[in-house]
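Throw the hints in and build the complete structure from the sequences for me.
2 protein chains.
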Amino acid sequence: MSHDGLAGKSIFLCKPDTKPLAASEYEEFLQELPDWNIMMYDGLPTLERAYTFKSFAHALAFTNRVGDLAEIANHHPALLTEWGKVTVAWWTHNIKGLHRNDFIMAARCDALYHAWE
Amino acid sequence: MSHDGLAGKSIFLCKPDTKPLAASEYEEFLQELPDWNIMMYDGLPTLERAYTFKSFAHALAFTNRVGDLAEIANHHPALLTEWGKVTVAWWTHNIKGLHRNDFIMAARCDALYHAWE
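Protein sequence lines, in the order shown, are assigned to chains X and U. Going by numbering that gives the first Met the number 0, the final residue of the first sequence carries number 116, and the count climbs one at a time with no gaps. Going by numbering that gives the first Met the number 0, the final residue of the second sequence carries number 116, and the count climbs one at a time with no gaps.
Heads up, some of the hints might be wrong.
[As the list claims (entries may be wrong)] The calculated DSSO-like cross-link candidates involving lysine-lysine, where the alpha carbons are at most 27 Å apart (straight line), are:
1) U:K53 <-> X:K14
2) U:K84 <-> X:K14
3) U:K95 <-> U:K18
4) X:K84 <-> U:K84
5) X:K84 <-> U:K14
6) U:K84 <-> U:K53
7) X:K53 <-> U:K53
8) U:K8 <-> U:K95
9) X:K53 <-> U:K95
10) X:K95 <-> X:K14
11) X:K18 <-> X:K95
12) U:K18 <-> U:K8
13) X:K18 <-> X:K8
14) U:K84 <-> X:K95
15) U:K14 <-> X:K53
16) X:K8 <-> X:K95
17) U:K18 <-> X:K95
18) X:K53 <-> X:K8
19) U:K95 <-> U:K14
Rather than coming from a laboratory, the hints here were simulated on the basis of the structure. Model, not experiment: these values are computed from the prediction.
This is the structure in structure tokens:
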């Protein structure tokens, strides 16, 4: 599966009884997202990556584009905007863990960044 | 000094030999900024506040307005945008601590938020 392949998958409505993915289940996705890391916050996994830019304005512009992707998918990340850097974190709040949707959104962010550079 | 008073002060160029403020020196500023807290990260103080909003889009719009303030002042915060929430953090990178500028920018953010509500 190509990088674009994951980015092009559909986001599905995540019901409250959906189980979060186990680490063994998202291993394959991570191979397609080499710059992303699983970070643990309060015992819950989050999919996280930092992107670098040449200014604050460029970083904020990227934040806005990721915000657009999030609004379209109705799935929202945490976006830390700093001078020359945006850190994006995905997780699925209502299942308290990671869903396939999070990896798809991560791949869409990478595609956005690749087009940006 | 009123809240607006601090927000209306000028931002000064911060030279590398400028000393960061000691806690006793910014106590007065904090009295005007009751919703802000001093957070320690890697031993360095940061001035931080979270603002709440009714949606992701509203939070991102506020992030952009704070970004505008930052660009105008050429002094940039860290902005964590989440669904319905923006956490703003100010500090002065080149003096590894807090400068009067940080408190002025915090007051400007509060003024922006008050006009928003």
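Looking at the structure, which of the earlier hints fail to hold? Violated: hints 7, 17, 18.
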